[in-house]
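These protein sequences, in sequence, are chains A and B. Sequential numbering of the first sequence, starting at 1, is according to this note's numbering. Sequential numbering of the second sequence, starting at 1, is according to this note's numbering.
Keep in mind the hints are simulated off the structure, nothing from the lab. Don't take each hint at face value.
[Claimed, not checked] Computed cross-link-like contacts, DSS-like style, restricted to lysine-lysine with a CA-CA straight-line distance of at most 25 Å:
| no. | chain 1 | residue 1 | chain 2 | residue 2 |
| --- | --- | --- | --- | --- |
| 1 | B | LYS390 | A | LYS312 |
| 2 | B | LYS167 | A | LYS525 |
| 3 | A | LYS532 | B | LYS524 |
| 4 | B | LYS524 | A | LYS525 |
| 5 | A | LYS449 | A | LYS103 |
| 6 | A | LYS532 | B | LYS167 |
| 7 | A | LYS539 | B | LYS524 |
| 8 | A | LYS154 | A | LYS179 |
| 9 | B | LYS167 | B | LYS216 |
[To be verified] Okay, the calculated bits of chain A under chain B, using three or more residues with CB under 8 Å as the criterion:
| no. | stretch |
| --- | --- |
| 10 | 171–180 |
| 11 | 240–249 |
| 12 | 285–296 |
| 13 | 377–390 |
| 14 | 481–495 |
| 15 | 513–519 |
By construction, the Cβ of each residue, glycine as well, lies at the ideal position given by its N, Cα and C atoms.
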Amino acid sequence: MEHIRTTKVEQVKLLDRFSTSNKSLTGTLYLTATHLLFIDSSQRETWILHHHIAAVEKLPLTTSGCPLVIQCKNFRIVHFVVPRERDCHDIYNSLLQLSRTAKYEELYAFSYNPKQNESEQVKGWQLIDLAEEYKRMGVPNDYWQLSDANRDYKICETYPRELYVPRTASKPIIVGSSKFRSKGRFPVLSYYHKNKEAAICRCSQPLSGFSARCLEDEHMLQAISKANPSNRYMYVMDTRPKLNAIANRAAGKGYENEDNYSNIRFQFVGIENIHVMRSSLQKLLEVSGTRGLSVNDFLSGLENSGWLRHIKAVLDAAVFLAKAIAVESASVLVHCSDGWDRTSQVCSLGALLLDSYYRTIKGFMVLIEKDWISFGHKFSDRCCQLDGDPKEISPVFTQFLESVWNLTEQFPQAFEYNEAFLLQIHEHVHSCQFGNFLGNCQKEREELKLKEKTYSLWPFLLADQKKYQNPLYNPEFSPELTLLEPNTVSFNFKFWRNMYHQFDRSMHPRQSVFNLIMNTSEQNKQLEEDIKELEAKIKRRNGQSYVVLEKEQEQTAHPAPVALKSPPCFQKEQPAVPVSDAVRTIEGSNTADNRYSELASEFSKAEPAVVSLEYGVARMTC
Amino acid sequence: MEFAELIKTPRADNVVLHCPFHLAVEGTLCLTGHHLIFSSRRQDNAEELWLLHSNIDSIEKRFVGSLGTIIIKCKDLRIIQLDIPGMEECLNIASSIEALSTLDSVTLMYPFFYRPMFEVLEDGWSSFLLEQEFELLSSVTNEWRLSCVNKEFSVCPSYPPAVIVPKSIDDEALRKVALFRHGGRFPVLSYYHKKNGMAMLRSSQPLTGTNGRRCKEDEKLINATLRSGRRGFVIDTRPLAVAQQARAKGGGFEQEVHYPQWRRIHKYIERFNILQESFIKLVEACNDQSHNMDRWLSKLEASNWLTHIKELLTAACLAAQCIDRESASVLVHGSEGTDSTLQVTSLAQIILDPRCRTIRGFEALVVREWLQAGHPFQQRCAQSAYSNSKQKWEAPVFLLFLECVWQIHRQFPCSFEFNEQFLIVLFEHAYASQFGTFLGNNENERAKLKLPQKTMSLWSWVNRPEELSRFQNPLYEANSLVIWPSVAPQSLQLWEGVFLRWNRPSKFLEEAEVERINIIKYNKELQAKVNALRRQLAEMEADEEGREEP
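For reference, chain B alone in the conformation it holds in the complex:
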């Protein structure tokens, strides 16, 4: 297919662009296969807007006489308005945008066409391999092994080719366990707590069904992670009733009789359309400036967004507490093990593991616990809060995770190497990107699409020194401790950097942030200068002594 077929009017003049809190600008609008480009063509610092079609969540058009107006709502929650003279031009442009922003073939997406303007220093596609992760693990324990049982994606289509499992369990057993777990997602190592040797595993639900099927290998696998005489915890992210109902459909949960050494805790985490609705409601509330106080608060409440945040943080803290405080191993799963499970395991690692709070470590966490673990990004992030499509597989699961990280970041602002901007960039790229990283639903699909060969990795770009400096937190000082966030409602806040980003002028807040950074930078300069002067003085004194003595 040629993009040109979809673009009937590639260019329109005298278009007026309205962005919130900016003066309207007149200029020229151009459509290309992947971008909407607006240029004011003014001499003075010409304003340009490059908008990826894939970032467009929905568009609306209106007409007053022959002046058409297109309102574009983006997946990053921004809303812009274009006034286009001429009804035909406007209609053409609107229909082109609509078509180009909803291309159904992945291979037509921008990442397959994007050619980076920068030199690639490190290929992000091979920056985070499970083999490296396993090497690190091997240096502290030999109880685990790297299994390639899923090399051909035949045992579990949503798992990566290599996984880490208890050493005592062979591939044959893994194949049997896979048959006993939903989607073949047998329990694998998610995190190893060096401090006490406890492990966090993740999987999908066991397929016990109504007649209480059991699988000896499954029991053996997870029991292999227990210290003798110690108990473990299964954290099921569904309420008991839902877990019980799941049996009717062939699913189920670990029954006490077969798993006597495990205690099951049901910690409910919302999923799918409930989350999507919550997201839509929150964005609606934030976008309406006319709400009086009561209405704003009740809309905020009705969205339930912060409730989901609190529940998720609580569940993650629970998992972390089992490991760190109760010295128990933990198995986390819900139904499929691709959403709430990953939220819990990845957040628990943020709490427990200082490495995950560094830039590199956080990237590794996202790769390991989200991309390789088979969170279906393409389905979940197909649309954002403005879409009307209401597909049941769309849900802001990853955004919720990022927000929880932000909430912990707020409470421990010096313990993270990255800043808020880094989290926002990950949010943006999960929904629309020039990079191939978040395309596809799992490693299997990515391999089939040959993404590493045909597209650029987000990490190749982010990890360039120039870019990294934008994401560094000047307050960072490595904190090797476990960080327990407060989950009291008074301690949680609305993530203004995402939800109010386009709804209020932020100039003063940004200037204040710059000032904070300047104070820190200045401090470093001063310290260096003082040290240099001291040394100079010391040398002078030494010289004098030297001169006096002989």
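The shape of chain A in the complex, shown without the other chains:
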């Protein structure tokens, strides 16, 4: 690798991000072609994928060395101190180069080799089949059909080849409508609700300017509304704030004029654009990253960032959409400007509220493949996979995941997947380790031959399913098509600590109820099997003698002498029934970890040597 000048630096310090007493770990830093690796003196490893690096910063030289701060897209922030400035400079330069990739082919996915053979690779990509998904929804049917208009990406480059439209929308109508829509993204089906016969459709903004009309587009909307036999009117949701939409008119774009379209109910829902979201997240991270933060600074910073307000706006829009369909049986057409950011958020969340399938592990993968990947959410630009325009970066997908997390908090039993699943997907949207999220649209992905050259993430997540299952999940919680109605009163929205402080261990509860329940639930399955096995064994033996069975009760009451007689069996008992220690990690914690900021100065006789020893949790607090 031509970018790597120094591959190993020793005596590097890793500082605790929030510690006020300059607590640190000392270890060795390694630079590989794909990762930065830090191994501390107790052999704990910290791996950082180059693609995860959002920014590297070299701070002014200090007496202990040269500080290097690395911010990652998964919200990890590491603060190294490299003893020699030269080494620091080399690593800094290498990371700058390595974290900025100019060509897709240089991304990790193209070199990542998970030891799968070719047929496994192909099968992996076939795991999620969108044609199958539309069939599950109930299309094609009497009202909706598969259109071949975009088979060669001729009408819209950023849409997938396969699109579902109303049967009454002829090719000229489709073509005409696409010419009247930004980037050619004409109204197509996103989700079909078979019980209500209502549809979620999506598109981009119309090129209406101040007064332009397009008959084909008007016909298109009419076709959508007529494809719903149970309701005459349809909603058109413009997910932008009204002012933004009006401003767009001056550029020849804009929104639907209710007078020109028959039977539409037009509605703005006021979700801000990608630039507002980007700076909102930045503000949020600035606040949450502050050392010695006071409660009021945290709360006012949270407020000023606007982040939770945006999350609420997205979820409110989704609730509006879902209710229009479930309560009024009305079809809804959703758009924003280009129809690939806010539109994806609202359509996918709306469908998630309407259809419990998307609350299963497989269903959630399908939902992401459909509303995000296939409909051309620009993952490459938004997640900055290649070195590009920083103004294109925006946490739109992160907001989607956060909205889902909020729902899982309100409905703990409605989701098959857990928080770890959402975090893992977030990790890989940025990792560029799998092909799914590379590129900005399907056409680009085909050109990159991703299905031949890279692997799909989903089979790996499925293989690891156990980790991502919600032990509280109850499939009967919401039968197939019952609406999930979240409460969107402000106090229900919380700061997602496990996302934004994922790697700041000291901020999390020291004992996790979630992990305990996960493990116990897992153990229960194992125990159930053990019981079956044991019962079978006993049955077999009982063929030989019936007497024992009758004595069962008595025996269990006085087991000790029996057990003593037969050591081999008793020995087996212990490992098979894991003592709860394996499940429960009892921890104390560490004063130094818990930022009682003022204390450091109170105890003049603080001994740094002792403090760093204390890093191992619970060791000192017996």
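Position chain B against the provided structure of chain A, taking the given hints into account.
What follows is chain B alone, placed relative to chain A:
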């Protein structure tokens, strides 16, 4: 006085009850001396509401035509609405409720009339005696003694009859020290850290005044807790400026010249009306569902509630750190030593002492560090967040303590034998109860009211096996370690179980909790079954061997 005089309309029909997130119910309303009773009288699982008058914080009345509406705001933060047909009935009922909920004589309170429907297995009044506590202490150290200098409550009216003090200090010295401390609250043992023999003492401020008075006995008393050559820490819960101002009024703080072995740390903890205002603001913010996000966050911030939580936790951690990490003895006090002092000493024990995280141990802590230590419950908990009275002695000091315990509980959910419900029940009973436990302001008053003879103790009820099972934490596994909570704002949360309890539907969350408990229970059953089967199999094998061998 007869309660009947206060009840002009004892009963009204066709009353409609509105509770948040429940359908309105029509039924009959009855008033008794201590309860407001509403019954729907429906065949199907008739809905009944029994509300203690003493739980009512404030009432409002409105009229539309002849239909009157009474809005009742309770001390447990619940709000209910009653629609009562007939203006006169409504007015009568409203004025009765008002009068009955603000009875000024303690002896008219419900605990003096309450007769338990359960058999008393253990009298809670004698469950937690300081003598037992001292016995435990004596088994590990002989440096302390039980002093009965306050037997007649004459040395310190707000202390219990017996206190634990250093062995080397005699009662005569204690009497002198009492004169030197505000309200006679001389330094006593609050907690002994077995691990290193360090002690936490609590007291009130020393009365140094402007001319720097000193008291040799006081110095001797607290120095008696130090190891030779080691220093101790005085944690003053007031800022330095306030402590200095206190001198003008005869109060003060331990000056370095007279206490050279002690280092003073000022760790400010808010008190009285500031806390009460904070409480009122927080409840207001939580009760308004219409707030947009910005408004909600700024209201939450403006309430300062979580700031108080953080400050309090920090101070408690500081005290615990001095003891456990610095191996130093600690003396905690503010001004009177009945509020912030007790918050700090009791929370430090939650952090340090695994025993305080058991149900029994926590009850003992509440008795020892709050009831016997003379926290004036009757004054502090006279009203809750809805009252307009704004008396300066009302303050949610105990609620703050409970919330801090909850915050630590959130961070160490497997280290506590009790669950959140237990903390909520203590909150409710501190403000309104059928039990006498939280009546009175100190042991002196309780003795005068003859509470142990005339009322039932909360502990008699809570510690019954049937009740205990409701308060047990299924995840509990004894953790003998010191537990240091994180006080970063990102780690603190709003106590939804108290503040959002009545403001949102909680069905799904409760069901999820039941499911969690089921998983744990099921695990235990399975383990038992596997073990039984193994033993059965083992016996079979053994039998076979036995048969083969002869």
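Hints versus structure:
As the CA atoms of B:LYS390 and A:LYS312 are separated by approximately 36 Å, the hinted pair breaks the 25 Å bound. Note on B:LYS167 and A:LYS525: the hinted pairing is violated, with a Cα-Cα distance of about 58 Å set against a maximum of 25 Å. The suggested pairing of A:LYS532 with B:LYS524 holds, with an alpha-carbon distance near 17 Å, which does not exceed 25 Å. Distance restraint check for B:LYS524 and A:LYS525: the Cα-Cα separation of roughly 13 Å lies within the 25 Å cut-off, and the hinted pair is therefore satisfied.
Taken as a hint, the A:LYS449 and A:LYS103 pair is honoured in the structure, with Cα atoms around 14 Å apart against an allowance of 25 Å. With a C-alpha separation of about 64 Å, the suggested pair A:LYS532 and B:LYS167 falls outside the 25 Å cut-off, and the hint is violated. Distance hint between A:LYS539 and B:LYS524 is fulfilled; the C-alpha atoms sit about 24 Å from each other, no more than 25 Å. Only pairs whose Cα atoms come within 25 Å are accepted, and A:LYS154 paired with A:LYS179 is accepted, the gap being roughly 12 Å.
Distance restraint check for B:LYS167 and B:LYS216: the Cα-Cα separation of roughly 17 Å lies within the 25 Å cut-off, and the hinted pair is therefore satisfied. With 0 residues bearing a CB less than 8 Å from a CB of chain B, the stretch 171–180 of chain A misses the requirement of three and the coverage assertion fails. Only residues whose C-beta sits within less than 8 Å of a C-beta in chain B count toward coverage, and the stretch 240–249 of chain A has 0 of them, not enough to reach three; the restraint is violated. Given a C-beta distance limit of less than 8 Å, the hint that chain B covers the stretch 285–296 of chain A holds, as 5 residues qualify and 3 suffice.
For the stretch 377–390 of chain A, the stated coverage by chain B is not satisfied: 0 residues place a CB nearer than 8 Å to a CB of that chain, which falls below the threshold of 3. Residue count for the stretch 481–495 of chain A with a Cβ under 8 Å from a Cβ of chain B: 8. That meets the three needed, and the coverage hint holds. Beta-carbon proximity to chain B at under 8 Å applies to 3 residues in the stretch 513–519 of chain A; the threshold of 3 is reached and the given coverage holds.
In summary, the structure is inconsistent with hints 1, 2, 6, 10, 11, 13 from the numbered list given earlier, while agreeing with the others.
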